[in-house]
Each structure stands twice: as structure tokens, then as C-alpha cells.
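**Q** Take a look at the letters that make up each chain.
Protein chains: 4
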Amino acid sequence: MYPGEIHAKLRAFVSERDWDKFHSPENLAKSISIEAAELLELYQWGRPADLELVKDELADVLTYCHLLAMKLNFDPDEIMNSKLEKTSAKYPVKKSKGKSTKYDRLQD
Amino acid sequence: MYPGEIHAKLRAFVSERDWDKFHSPENLAKSISIEAAELLELYQWGRPADLELVKDELADVLTYCHLLAMKLNFDPDEIMNSKLEKTSAKYPVKKSKGKSTKYDRLQD
Amino acid sequence: MYPGEIHAKLRAFVSERDWDKFHSPENLAKSISIEAAELLELYQWGRPADLELVKDELADVLTYCHLLAMKLNFDPDEIMNSKLEKTSAKYPVKKSKGKSTKYDRLQD
Amino acid sequence: MYPGEIHAKLRAFVSERDWDKFHSPENLAKSISIEAAELLELYQWGRPADLELVKDELADVLTYCHLLAMKLNFDPDEIMNSKLEKTSAKYPVKKSKGKSTKYDRLQD
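Residue numbers (numbering that gives the first Met the number 0), protein chains in the order written: chain A, 0 to 107; chain X, 0 to 107; chain G, 0 to 107; chain Y, 0 to 107.
Just so you know, these hints were derived from the structure itself, not from any lab.
The list treats identical chains as interchangeable, and a pair is accepted whether it falls inside one copy or across any two copies.
List of simulated lysine to any residue pairs, SDA-like, C-alpha gap at most 25 Å:
(1) LYS20 - GLY3
(2) LYS70 - GLY3
(3) LYS20 - PRO91
(4) LYS89 - ASP74
(5) LYS8 - TRP44
(6) LYS20 - LYS85
(7) LYS8 - THR86
(8) LYS85 - VAL53
(9) LYS20 - LEU41
(10) LYS8 - HIS22
(11) LYS20 - LEU9
(12) LYS98 - THR86
(13) LYS70 - HIS22
(14) LYS94 - LEU9
(15) LYS70 - MET0
(16) LYS89 - ASP107
(17) LYS82 - SER95
(18) LYS96 - GLY45
(19) LYS96 - TRP44
(20) LYS8 - ASN72
(21) LYS93 - PHE12
Please take these sequences and the hints and turn them into a complete structure.
**A** Written out as C-alpha cells, the structure reads:
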């Protein structure tokens with residue numbers, strides 16, 4: 000897909016159904032949590048996850064994330080990139096290599 | 000950013016820190032849920048949400064979604080697109096316009 | 000504690016702070032999800048969970064559940080009991096013993 | 000119900016089905032999050048929530064909380080009570096009355 004194509008499609012989908020009125024930032028944030036839990040459920044009880052279902056549930060989380068980003072005029076790639084820079088600074092390679100320790104407990 | 004640039008950066012970030020070993024699909028699914036709740040917390044109690052914090056928390060959810068997609072060889076735009084086609088079929092414009100009814104309760 | 004004592008304490012805590020106005024069922028449901036994710040975070044990355052932290056986060060989830068139950072005039076033990084009866088019927092011992100299969104996929 | 004009766008019933012339910020092997024603390028924490036999201040879904044899109052469904056979903060969250068408490072030998076009422084004492088100290092009535100401000104931002 001060319002850049003921005005999925006946003007154009009999402010916008011048309013929502014607009015045709017007159018659903019923008021349901022999409023307050025708060026409601027979108029709730030939907031992200033709800034869909035994230037449906038994704039997590041596929042990894043419950045150690046069952047091997049069905050990848051077709053994972054694909055659909057992950058797509059749902061991503062879709063609501065994009066709808067929220069569009070609503071707030073955030074560029075998804077850009078906010079991931081600027082958060083990555085912050086996270087890189089909080090987790091210097093030297094201190095965090097191979098460890099899952101939270102940044103506020105990392106030691107020299 | 001050119002297409003794929005954020006994936007290259009994420010890959011380098013994880014690889015430099017030797018964190019791939021923590022990133023099982025199940026753990027990434029847990030992280031998506033955890034970060035989604037941190038985003039939701041910004042919309043708790045009707046407080047006006049701080050948009051800089053929203054940007055960071057939404058970026059965290061997106062980042063873990065992309066890490067899971069990369070791990071499973073899914074293209075994020077592509078899976079959103081194919082899910083959108085399914086959802087469009089489940090929610091025909093004529094039946095669902097202006098309504099938040101779930102598809103299994105939509106009426107003719 | 001004698002039965003009902005914790006509810007009396009919760010009621011006094013909320014009332015003294017004039018917090019009942021924040022406790023719509025919807026807000027309490029959000030809080031339950033948010034606190035559940037904080038509990039889940041203690042089990043992220045395979046780190047051994049700190050049991051004192053687990054105690055506090057589990058208490059937070061339980062507390063919001065009780066606040067919602069009190070708000071809707073549900074008795075927590077009673078609703079667990081009646082749900083347990085439904086679940087027992089959906090998962091007959093003979094079919095479900097030792098399996099994590101979802102009820103709609105259980106086989107004779 | 001007499002005190003402890005619901006725990007006896009839960010224990011019998013799990014034991015008859017040989018499900019204890021699935022109930023690691025981590026899996027129970029995941030289930031709490033998953034069920035919390037199902038409860039939240041009932042309050043999505045501003046639809047009036049169906050109270051019979053709320054009862055069942057809230058019961059599911061409570062049930063997994065109790066299973067985790069039982070697994071870790073925590074008394075549910077007792078941990079709510081000791082957390083309530085901590086929270087009361089963090090949110091003095093004088094500073095927090097009528098406000099939803101987080102404790103680390105409360106002002107004199």
C-alpha cells in the first residue's frame with residue numbers, strides 16, 4: 000500500500016457509517032484496551048495460538064490505535080520514533096543489555 | 000519517514016540490547032495489554048488528558064503491536080486492510096449507519 | 000473481619016473524600032481494567048513477582064470490583080456463586096477434565 | 000453464605016476438573032485482565048449496560064481474583080483492608096476531598 004492509503008480507507012469506513020460520533024478519544028482508548036485483551040486471550044492457557052485469529056485481533060488493536068492517532072493528528076510512525084528515542088536514552092545499551100530490569104532499577 | 004524505516008529502527012533497538020529473547024508472542028501480547036491500560040488511565044476520572052502523555056502511551060501500544068507483527072511476519076497495514084474488509088462486510092452501511100449495535104444484533 | 004466489615008470501611012473511605020461522584024459504573028469498570036493490567040505487569044518478562052506488590056495490586060482490583068458491586072447492589076459472594084453454577088453446567092466434569100478447551104469446542 | 004463457603008466451592012470446582020495445573024499465578028493474572036476487559040466492553044459506546052451481563056462478567060473478574068488469592072494464601076478481605084489503610088494515608092481527607100487528583104500531585 001502507498002503511504003497513507005490505510006488512513007484514507009479507515010476514514011471512508013467510519014464516515015460512511017456515521018461512526019465518528021462514537022469515536023471520542025476516551026472511547027477509542029477503551030476500545031484499544033478491550034481489543035488488546037482479546038488478543039491476549041489467544042495466548043491464554045498455553046494453547047498454541049491460531050495465527051489467523053492473532054492476525055485479526057492484532058489488526059483490531061492497530062486499527063483503534065490509528066483511529067486515535069488520526070483523531071489527535073499524531074503520525075503513528077513519528078510518535079513511535081520519538082518514543083523510541085526516549086526509551087533508548089532511558090535504557091543505555093551498556094546497562095540494559097540482556098536484562099529485563101525496569102529503567103529505574105538499572106545499575107551501573 | 001520512508002516505508003519500513005521505523006521497523007529497521009525497532010529491530011536495531013531490540014538487537015543492540017539483546018532483548019529478542021524476552022519477546023515471545025505471548026509476552027508481547029501481555030505488553031500490548033499493559034500499555035493499553037496505561038493509555039486508558041490517562042482518560043480516567045474525566046480529567047482532560049495530557050496530550051504529550053497520550054502521545055507516549057499510544058506510541059508504546061503501537062510499538063509492541065509492531066514488534067509482534069514483525070515477529071510473526073505480518074505487515075501491519077496489510078492486516079488492518081484485510082480486517083477492514085471483513086468488518087465492512089459484517090457492518091453493511093445500510094444496517095449500521097449511525098448505530099453502535101454489535102453486528103450479531105443488527106436488524107434489517 | 001466480620002461479614003460486611005470491609006464494605007462498611009470502603010463506604011466510609013469514599014464518603015469522607017466525597018469521591019462517590021467519580022464512581023460511575025463505567026469509571027469503576029475502567030479502574031478494574033487499569034488495576035488488572037498493573038497486576039499483570041508484575042508477571043511480565045518472567046521476572047519472579049514480588050508478592051508484596053502482588054498483594055497490593057490484587058487488592059486494588061478487588062476493591063474496585065467491590066465498589067462496583069456495592070454501587071449495583073450485587074452481593075460479591077452471591078454473584079460468584081451463581082456464575083459458578085452456570086460455568087459448572089457449561090463445563091461438565093466428564094468432558095472438560097484436564098483440558099483448557101473452551102466450552103463451545105468441548106467434545107463428547 | 001457462611002464465610003469461606005465460596006472458597007470451598009471454587010476449590011471443589013477446580014479440583015473436580017483437574018484445572019489447577021492451568022492456574023499458575025501468571026495465568027490467573029492474565030485471566031483477570033481478560034475478564035476485566037469483557038466487563039469494560041459492556042460499558043463501551045455509551046450503551047446502557049445490561050445488568051445481568053455485568054453481574055456475570057464482574058463475577059468472572061472476582062472469581063479469578065479469589066483463585067489467585069487462594070493460590071498465594073492471601074485473604075481477600077484482609078488484603079483489601081490493609082491496602083485501604085495505605086490508600087487512606089496517601090489520600091488524606093483534607094487534601095483530597097472532592098478531587099480525583101493523583102496522590103503525587105495533591106497540594107497542601
